[in-house]
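Model the full structure from these sequences, guided by the hints.
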Amino acid sequence: MRIFLLPISTRHSLIYCQCISKSNLGQHSVFDGLVRRVESQALQTLVNWENISGGWKKNSTATDNQLLKRIPYQEWGLKSIPPLSRKRRVDIVNGKVKSVEVLFPARFMSEEKLRETLERYALQGQSRHSDRMFWSYAGLPFAMPFALVPIIPKFPLFYLVFRAWSHWQAFHGSRHLELLLKKNAIRPSPSTDLDKIYGVDLIHQDGSSSGADQGLRTERWRLWVERETKDSMILHPGMGKLIGEHFKIPEMASLIEWAIERVEKDIREGKED
Numbered sequence: 036m037r038i039f040l041l042p043i044s045t046r047h048s049l050i051y052c053q054c055i056s057k058s059n060l061g062q063h064s065v066f067d068g069l070v071r072r073v074e075s076q077a078l079q080t081l082v083n084w085e086n087i088s089g090g091w092k093k094n095s096t097a098t099d100n101q102l103l104k105r106i107p108y109q110e111w112g113l114k115s116i117p118p119l120s121r122k123r124r125v126d127i128v129n130g131k132v133k134s135v136e137v138l139f140p141a142r143f144m145s146e147e148k149l150r151e152t153l154e155r156y157a158l159q160g161q162s163r164h165s166d167r168m169f170w171s172y173a174g175l176p177f178a179m180p181f182a183l184v185p186i187i188p189k190f191p192l193f194y195l196v197f198r199a200w201s202h203w204q205a206f207h208g209s210r211h212l213e214l215l216l217k218k219n220a221i222r223p224s225p226s227t228d229l230d231k232i233y234g235v236d237l238i239h240q241d242g243s244s245s246g247a248d249q250g251l252r253t254e255r256w257r258l259w260v261e262r263e264t265k266d267s268m269i270l271h272p273g274m275g276k277l278i279g280e281h282f283k284i285p286e287m288a289s290l291i292e293w294a295i296e297r298v299e300k301d302i303r304e305g306k307e308d
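Just so we're aligned, residue 36 is where the sequence shown starts under the working numbering, counting upward by one.
None of these hints come from the bench; they were simulated from the model.
A couple of the hints might just be wrong.
[To be verified] In the BS3-like style, the derived pairs of lysine-lysine whose C-alpha atoms are separated by at most 25 Å in a straight line are:
1. Lys131 to Lys231
2. Lys300 to Lys217
3. Lys217 to Lys265
4. Lys217 to Lys148
5. Lys133 to Lys283
6. Lys133 to Lys148
7. Lys265 to Lys133
8. Lys122 to Lys217
9. Lys122 to Lys133
10. Lys122 to Lys300
11. Lys148 to Lys306
12. Lys306 to Lys265
13. Lys122 to Lys218
14. Lys265 to Lys131
15. Lys265 to Lys122
16. Lys276 to Lys300
17. Lys231 to Lys276
18. Lys283 to Lys231
19. Lys218 to Lys133
20. Lys131 to Lys218
All values derive from a computational prediction rather than experimental measurement.
Rendered as structure tokens:
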């Protein structure tokens, strides 16, 4: 597995875990693997349907996306980290696993900031999702009787089940991340590819053309990101698709675009985490 940490704005970043090793996937339950494949296929289907010009598939995708976007992008990111199996936990504790690579754009994020962000994801994720998981489970007994009545839609029950499961995944993803951090099993890996892609967005915004101009502007942006106190966007709409296509991870592309949309909206409305 490898992790991407992508700054969306000067205060917000997206975490995403890509499971690229079959041996890693084999360390988790068959049920969990099945659920992850279904979720991945569902996201891929939404991405494909979103590119259709019209028809019921396009309309269905718009409706589904509105429901899915109610789930915070931070939760989707933590859900992408697989829960710890007993064997993997023991291997991490005993130092028998390879350190997990964390790709990030080094021109826009320092290693110190990277670790600080990962630690915040791990600690806040456990606190937030344990509470919300409890309340989702607590609501199930109240929703189940209504689901038995044929004329009443079963959506509330299905939604609570889905949210409880989603919070469970995010909670265990954050625990996995915390253990990796505690055992120094995280390996920051500056990505020149991400630096170039982020640089493309700078060219689009600033209109710089030459390589020298791009390098100077990128360095200036790096210093600005480090010093900026107000939350400001770093990525803009369309960049998620570019990143996803480059790394051949379409589901990550969709998640980046959702994160960009969410952060932009929060900045416009003056909301802060």
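Cross-check of the supplied hints:
A hinted pair counts as satisfied when its Cα atoms are at most 25 Å apart, and Lys131 with Lys231 does not qualify at roughly 34 Å. For the suggested pair Lys300 and Lys217, the alpha carbons sit about 34 Å apart, so the restraint of at most 25 Å is broken. Under the criterion of a C-alpha separation no larger than 25 Å, the hint pairing Lys217 with Lys265 is inconsistent with the structure, at around 31 Å. Among the hinted pairs, Lys217 with Lys148 is consistent with the structure: their alpha-carbon atoms are about 16 Å apart, no more than 25 Å.
Of the supplied pair hints, the one linking Lys133 and Lys283 holds, its CA atoms being roughly 23 Å apart against a limit of 25 Å. Of the pairs offered as hints, the one joining Lys133 and Lys148 holds, with about 23 Å between alpha carbons and a cut-off of 25 Å not exceeded. Proximity of Lys265 to Lys133 is assessed by CA-CA distance (about 38 Å); at most 25 Å being required, the pair is judged violated. About 17 Å separates the Cα atoms of Lys122 and Lys217, which keeps this hinted pair within 25 Å; it holds.
A threshold of 25 Å between alpha carbons decides the hint, and for Lys122 with Lys133 the separation of about 14 Å falls inside it, so the pair holds. Between Lys122 and Lys300 the CA atoms are separated by roughly 42 Å; this puts the pair beyond 25 Å, and the hint is violated. Taking the CA atoms of Lys148 and Lys306, the gap is near 22 Å; set against the 25 Å cutoff, the hint holds. For the hint pairing Lys306 with Lys265, the CA-to-CA distance comes to about 12 Å; that is within 25 Å, so the pair holds.
With a C-alpha separation of about 15 Å, the suggested pair Lys122 and Lys218 falls inside the 25 Å cut-off, and the hint holds. Among the hinted pairs, Lys265 with Lys131 is inconsistent with the structure: their alpha-carbon atoms are about 42 Å apart, more than 25 Å. Taking the CA atoms of Lys265 and Lys122, the gap is near 44 Å; set against the 25 Å cutoff, the hint is violated. For a cut-off of 25 Å, the pair hint linking Lys276 to Lys300 stands: about 19 Å separates their Cα positions.
Restraint check for Lys231 and Lys276: satisfied, since their Cα atoms lie roughly 15 Å apart, inside the 25 Å limit. About 16 Å separates the Cα atoms of Lys283 and Lys231, which keeps this hinted pair within 25 Å; it holds. Restraint check: the Cα-Cα separation between Lys218 and Lys133 comes to about 11 Å, which is no more than 25 Å; the hinted pair holds. Using a Cα cut-off of 25 Å, the hinted pair Lys131 and Lys218 holds, with the two alpha carbons roughly 11 Å apart.
The structure does not agree with the numbered hints 1, 2, 3, 7, 10, 14, 15 stated previously, though it agrees with the rest.
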